[in-house]
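> Single-letter residue listing:
There are 2 protein chains.
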Amino acid sequence: MPIIVKKFGGTSVGNVDLIRGIARRLAKEYHRGNQLVLVVSAMAKTTDNLFSLAYEITQHPSRREMDMLLTAGERISMSLLSLSLLEEGIPSISFTGSQSGIITDNHHGNAKILKVNAFRIHEELAKDKIVIVAGFQGVSTAKEITTLGRGGSDTSAVALACYLGADKCEIYTDVDGVYTADPRIVPKAGFIREIGYADMLALAYNGSKVLHPRAVEFACKYQVPVEVKSSFTFADGTMIRAEESPKEVLMEDRVVRAIAHKDNLICYRILPDQKALELLNVWHHEIFKISKMEATLELYVEAKYESEIDYLLSQHGVEPISKETEIGFVILVGLGLAADPAFVASVMQLCKDLSLKRIAHSERSLELMMPARQVAEAVAMLHDSLIGVNQ
Amino acid sequence: MPIIVKKFGGTSVGNVDLIRGIARRLAKEYHRGNQLVLVVSAMAKTTDNLFSLAYEITQHPSRREMDMLLTAGERISMSLLSLSLLEEGIPSISFTGSQSGIITDNHHGNAKILKVNAFRIHEELAKDKIVIVAGFQGVSTAKEITTLGRGGSDTSAVALACYLGADKCEIYTDVDGVYTADPRIVPKAGFIREIGYADMLALAYNGSKVLHPRAVEFACKYQVPVEVKSSFTFADGTMIRAEESPKEVLMEDRVVRAIAHKDNLICYRILPDQKALELLNVWHHEIFKISKMEATLELYVEAKYESEIDYLLSQHGVEPISKETEIGFVILVGLGLAADPAFVASVMQLCKDLSLKRIAHSERSLELMMPARQVAEAVAMLHDSLIGVNQ
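The listed protein sequences correspond, in order, to chains D and G.
Per my numbering, residue 1 is the first one in the first sequence, and the count goes up by one each step.
Per my numbering, residue 1001 is the first one in the second sequence, and the count goes up by one each step.
Honestly, I wouldn't trust all of these hints.
[Said to hold, decoys possible] The calculated lysine-lysine pairs, modelled on DSS-like cross-linking and capped at a C-alpha distance of 30 Å, are:
#, chain 1, residue 1, chain 2, residue 2
1, D, Lys45, D, Lys209
2, D, Lys112, G, Lys1352
3, G, Lys1028, G, Lys1168
4, D, Lys352, G, Lys1028
5, D, Lys323, G, Lys1127
6, G, Lys1352, D, Lys275
7, G, Lys1112, D, Lys352
8, D, Lys292, G, Lys1357
9, G, Lys1323, D, Lys292
10, D, Lys209, G, Lys1292
11, D, Lys262, D, Lys112
12, G, Lys1357, G, Lys1292
13, D, Lys262, D, Lys352
14, G, Lys1292, D, Lys352
[Unchecked claim] Chain D regions said to be covered by chain G (calculated; three or more residues, Cβ under 8 Å):
#, stretch
15, 105-117
16, 286-293
17, 343-352
Hints were generated in silico from the structure; no laboratory data involved.
Think of the CB as a built atom: it goes at the ideal place given N, C-alpha and C, for glycine as much as any other residue.
Make the full structure from the sequences, and use the hints.
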């Protein structure tokens, strides 16, 4: 019988009505004979509220106790979903990250998964139960409760799918799937039905918020097919897998597959000295980009982490040389863009009215740095010129 | 019957004895029932010799006439191979790029393949012949003879494999396949039996000379399985395909798959003005990297192209702000390296005695810029620390 792992994010389980709606849909799928493992995030805002409560008590909470606190969030959502399934007459059981055997390192707040010992899940599936697992959490080799940091629930789901040999990992979220650009900026952005791991990784890594790069890396490394789809409609979403069907394009043509962006970054410029290395060693915030330019180390982070990072720097006695705000990036993703002088020239021509501060490329992306306020205009204009109307 | 496309590079067909050796091996394979299409480069040094002859006549030869001249090289090797096969009693026929239906754009010296109309190949395969095709060349939509530029024969082979629906494209060359670093620098570098398109692309793009990035992009886009192997031993080489088997690694561990390098680059720094854009538009030399830093455009190219590029710049009235020589890059390729502060810190620590001028990363590589003279030491040291002994 096929095993399917389904992950529901915070907005998908944001209130009891939504949870009941999901339970009803899952009941139907259960009766069709699929073995289902559900990974849930905390209900929307729960984690933020728990954070706020802790920060009312202290500005610098113990990371171990924070993990204890935050992991309560998924306990609530997973048990509510289990209760809803039982109400539908479906046998179900919920497990914490620890009970479900997600073993991590000891890095509180940003733990990495080392292995999965999911025998309890297998046992319960064998009893025809739907198994619900708390995402975002695990247990360290020192038996402490850990959280996986950003993208944690997506990563839990992909890791479980890998370990269980699932046919598919479905990531249910508040959007339909992946588009050729953010549809809020580019209304005519095309829906992408199928995308390869490498393109998806470049997108996720460069700002697409649909799936966390960490989960994509995991899926890629273990070749887990992942579908991103809407938890509101359950309609077909975007399939992410190794074999993307070849497109009917001219053979050696450049193809801009999609456009990602970041529009609110801060760059901390610091000296690359021993203190800086120690700082990087214990860094546990999400970071968009690290680079070294001559004698300066540059750290690009989301503006929302500013006060936390100011504090982290001061803790390590690192005094920034400068702090630049309102930085934006627009990233074109696709094969054949790399090191193509004529393509770079055409992009520079298209962007002649923007303030392109830097241009760089990797083997499947071209990255444009500009003031944050120009990002929306740049994405819309470049999508128009390089991708065009719905695919 | 399976169709296999085999490409033999210049060193593999470097003299008549080598060509006869290949013909004998192919005769055996023919009798096992495979349909064979062979793509050949010009014999080693032929292209360079033809170049020299032209440059004795003029320093600035017409690109169209150069294409006429250079395409003679593959005519020689393909007909010699066909003669050798006939001597072995194997029916065979050789075709130019034009006869084999490789249609390109009109960019002399660096044409891109637009499509392949290979009906003549199919007709001859149906008559049980081995078909030999001149690599590196095609015919433009304006019916002019074109050459495909660097990596051209690899690209011809992959394009033909794609068009013919071949089971595999084998690239025969003077090395066994892909290693975790250049074995001339790192004697204990590990042999890679299987690698995914995305990792191979990052390697090829960053300096691995085994297969040209353009051919890898093509293979990736059309999902053509490619094997790189030795033309001297015909032993199993490195398979490049979508599905790399998952490795037995800790689940979320960083994996440095291999290390690429470049050790003799020049950086031209120029103003990004209209003249520069026009220059980029007609650029036809291989370029390693283009980037823009504030008000400067940087072009990184192999030192061997220096005089040609000096001339190109002067032709376009572009005066470089500066020209930096003896630049090296070492590039670590693998999943999970991106934006990992602790990993960057550990690499910086390892490189503390080197002059790291820049560090940058993409979603699957970390790139270190340093003086060319430090590259070999850096590759050996980083391979030792991050990859270790034979895999």
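> Could you work out which of the previously given hints the structure breaks and list their numbers from low to high?
4 and 5
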